[in-house]
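**Q** All chains, please: the whole structure from these sequences, using the hints.
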Amino acid sequence: MFEIHRQTPLISTEADSIKIKILGLGGAGCNALDRILLDGLEYAEAVAVNTDVQALTASVAPRKIQIGRSTTHGLGTGGDPELGLASAHEGEGELASELEGTGLVFLCTGLGGGTGSGAAPMIASLAREHGALVIAFATLPFAFEGRRRATQAQESLDALRAAADIVVCFENDRMGETVSPQAGIHQAFAASDATISQSVRAVSELFKRPGIMRIGFDDLSRVLGGRHARCIFGHGESDSDNRANEAVARALKSPLMDRGRLLEEADSVLVNVVGGPGMTLNEVQILMEELNRHVGEHTQLFFGTAVDPKVGNRMSVTIISSLVAGEAAAAPVARVPEVKPKRVAAAKPRVEKVHLPPAPVVEPELVEAIAEAEIAPHEPSPFFEMPEVPEAEIVTEPAALEEPLLVPGPVAELVEASHVAQSLEPEPLFVAEEPEPEPVVEAVEEIAPEPEPIPAAEAPVLPPRPTRSFPRHTRSAPEPQLPMDIPQTKSPQQESLPFEPVSRGRFEKSEPTIVDGQDLDVPTFMRRNVRLK
Amino acid sequence: MAREHILVGLEIGTSKICVVVGESKDDGTLKILGVGEAPSRGVRKGEIVDFDTAQKCVHEALADAEEKSDVEIKGVYVGITGAHISSFNNRGTVLVPEDQEEINEEDCRSVQLSAREVSLPSQNAFIHSILQHYYVDGQDGVLNPVGMLGHKLEADYHIIHGISTRIKNTVRCVREIGLDVEDVVFNPFATAQAVLDQSHKDLGALVIDMGGGTTDYIVYVDGAVKHSGVLAVGGDHISNDLTAALRIPLARSEKLKVEEGSVIVGECVPGEMVVLKGDAGFAGKQVERETLNTIIHLRVRELFELLARRLDEQHCLEFLGAGVFITGGCSQLKGIKDLAEEIFGMPVHTTRAQSLSGVTSAFENPQFSTAIGLVRYAQADQIGRPSGLFAKLKRGLRIFGMF
Chain A
1 MFEIHRQTPL ISTEADSIKI KILGLGGAGC NALDRILLDG LEYAEAVAVN
51 TDVQALTASV APRKIQIGRS TTHGLGTGGD PELGLASAHE GEGELASELE
101 GTGLVFLCTG LGGGTGSGAA PMIASLAREH GALVIAFATL PFAFEGRRRA
151 TQAQESLDAL RAAADIVVCF ENDRMGETVS PQAGIHQAFA ASDATISQSV
201 RAVSELFKRP GIMRIGFDDL SRVLGGRHAR CIFGHGESDS DNRANEAVAR
251 ALKSPLMDRG RLLEEADSVL VNVVGGPGMT LNEVQILMEE LNRHVGEHTQ
301 LFFGTAVDPK VGNRMSVTII SSLVAGEAAA APVARVPEVK PKRVAAAKPR
351 VEKVHLPPAP VVEPELVEAI AEAEIAPHEP SPFFEMPEVP EAEIVTEPAA
401 LEEPLLVPGP VAELVEASHV AQSLEPEPLF VAEEPEPEPV VEAVEEIAPE
451 PEPIPAAEAP VLPPRPTRSF PRHTRSAPEP QLPMDIPQTK SPQQESLPFE
501 PVSRGRFEKS EPTIVDGQDL DVPTFMRRNV RLK
Chain B
534 MAREHILVGL EIGTSKICVV VGESKDDGTL KILGVGEAPS RGVRKGEIVD
584 FDTAQKCVHE ALADAEEKSD VEIKGVYVGI TGAHISSFNN RGTVLVPEDQ
634 EEINEEDCRS VQLSAREVSL PSQNAFIHSI LQHYYVDGQD GVLNPVGMLG
684 HKLEADYHII HGISTRIKNT VRCVREIGLD VEDVVFNPFA TAQAVLDQSH
734 KDLGALVIDM GGGTTDYIVY VDGAVKHSGV LAVGGDHISN DLTAALRIPL
784 ARSEKLKVEE GSVIVGECVP GEMVVLKGDA GFAGKQVERE TLNTIIHLRV
834 RELFELLARR LDEQHCLEFL GAGVFITGGC SQLKGIKDLA EEIFGMPVHT
884 TRAQSLSGVT SAFENPQFST AIGLVRYAQA DQIGRPSGLF AKLKRGLRIF
934 GMF
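Just so you know, the protein sequences line up as chains A and B, in that order. Per the working numbering, residue 1 is the first one in the first sequence, and the count goes up by one each step. Per the working numbering, residue 534 is the first one in the second sequence, and the count goes up by one each step.
Treat the hints as calculated values from the structure; they're not laboratory data. Yeah, the Cβ is synthetic: ideal placement off N, Cα and C, and Gly gets one too. There could be a bad hint or two in this list.
[What the hints assert, rightly or not] To give an idea of the interface, some chain B residues facing chain A are shown, with a C-beta separation under 10 Å as derived from the structure:
#1 704
#2 764
#3 777
#4 783
#5 824
#6 836
#7 843
[What the hints assert, rightly or not] In silico DSSO-like links for lysine-lysine, alpha-carbon gap of 30 Å or less:
#8 B/734 x B/788
#9 A/21 x A/253
#10 A/509 x B/549
#11 A/253 x B/701
#12 A/310 x A/509
#13 B/788 x A/509
#14 B/818 x A/509
#15 B/607 x B/549
#16 B/601 x B/558
#17 B/549 x B/589
#18 B/558 x B/734
#19 B/734 x B/564
#20 B/558 x B/607
#21 A/509 x B/701
#22 A/310 x A/21
#23 B/788 x B/818
#24 B/589 x A/509
#25 B/734 x B/810
**A** Here you go:
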């Protein structure tokens, strides 16, 4: 808890200075932008960019940029990405001056057409050249829009992925699913615009709102970074008595959520909870408990919370995640083969090895892994508190705990066992003489500093904050699974509130009785922390 | 004996289902012919969660009641509760037409309709709109405006509403057994009819019905309902607390609560133990009495404090001349009267259904207050109703129309 207090002011001042712009590019992008503006936007400036003058005039955005004046003569691109790209080049000067000094750019666009598909990658890289972080929100066309558009969209998406820092990709087909079959087509498009609007707003608020537990760009890029095929996004708000439950239920009902079923497959999930000053720990607890039901065993949770007096009585939950394209692609990074004895403190060589192969994907993780390693020794791990454990176990256990934090696996065999053996061997004897937990901690400390010299080369712009690892709490006691859990989930990052598994006993299956933010089904003596004899 | 005078109240409670068969005498008194009950399953916090199981239990209770009272039950008044039910006060206004001098019954009906013209949440339906007071041209304290001269008729109504699908579930549960549902009554409103007499209502009284799954309450001020509501916390919660704290089976904590439980703390001999005998699958246990009482005390105190705060917000507490009446199964907890007096700061009576004749064992038990209240409500309801086939048809339509 202390670390958080120390950090909060530092980071929020930094975030306050970041200038955020939202660019709506092309017809679909401008529609989404209009929707965002109509829903209300606090933290960013909106800029509409289009080739089609007519569409541009119709937009409600305060700033408008027409690109390709001489290329398209104020008409659209007619679905030709080449024209879109040419137009973007033509408008480069204007765009560049617009992007000057912007810290963060949200680029909303619909892929599959001309302007969006052609210009988006170029604008994304332009923005990056100007030092901005680029988060692109791209919609893929409906299936009924034809194969040609789909291919165009896919090509452009690949280019955009290379150009932007993060691409959040929405499939219109999925978003249309929530619209009833009888509804008009405009409703289907409106539904997708609404979803984009919500997610842009949620993400921008994520950065701008002063948080008690902040979620930063690094967390976001971990969750959405690179290889994902489909973005899962859910946002829910409620201001009723039972707002925690309702907000989660609404978030899970969001079109891209598939009622939370998709969450089970995701390997990391970002959750941000925003509430007024009246938000209680208990509510957050209820909310996360509810959410944990939908999240898979090995999913890594990034949890952030912010208190904003402006939201008043409401409580809002944002869930962001992505599904990995093919399990195979992610597998070598995520899974660690169990080679127990050789694992022993393989810290340094392994990290270097991993650096090379799946480079763009691993980087953020790597940096965090290092941060993790630095912190780990200070963490009161359950293993360090067992003085009576036989020596052999003491040696392997901290190592087993340590090792997975430094992530990926096949390299585990490459350990120079000798070095490790030297540093560790004397310790057990020491322990045997003096059964105190300290010596073991020392042993770990010796291992941990090793990865430090590795440069955190292309780290995300916001420096990774020192964080502590925590196991994702399941409803039952999580302890025994600890060593098993970590290798599969990668190192968790943000500190969690102490979620105690609270039994509701007989009322497990009934609607909770929430009065003044307290779950009355939980025994009174537990809520009031009365010690019984 | 005229069968029309048979009135049946059915309460589907969280811990038990109970059916009271009463006979309305011509002199206005009520005689209890028999009480049927069955343990309830499939009900949580006053609402049906397992339809089939609950239906079986209702059937059992009805069969029991028919046997004991020797009456064939055709129609019942059903009590409902649940956290979804809430209430508010609203005033309706009508202007008496220029050419009409006296206020007539038609005006009274339209003022009720106008009081109901409020926006409920879309899934909610009216359960009751209970008349509080009439005002004729701003003059208050009018009990019956029919025949009075005036231009503007106003009326305050206490409106109780709940989620219609949940109410329908209860109605359907009874209908499918083959019984008519004469009316649906909000539990505390019925309870008040059983435990309060007119003088209490006039003085101002709070009735707290502490049942198994919910605690229902209603406030009478100046003879009219001023506030009512449900808190979905009841005896079940106490048992559940005991289970969680002492790690004993739920059935044992229920028994422990009933037999040994008290809300008084600090008066036990230190180290006094309550012995739980062993049983199949239960090794037996000793529990310190002080611990037991502390758990119960904390829960009940919290419940009362919540209630007191809610009522204080509604400015009800200062008008309770007759004090607080606690009834329902949980009111049998030892020491509850003292605790309530401490929190509400006024005289508290643990009470049960009043002034009846018939099976005394029935109305001496506070667990039956609501079911007896339903019969009382029915009696008052029947008097106001025209008899005959046509009226019955109309009544049926009303219940259908309500949902």
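**Q** Hint by hint, which ones does the structure fall short of?
**A** Result: hints 1, 8, 12, 25 break, sorted rising.
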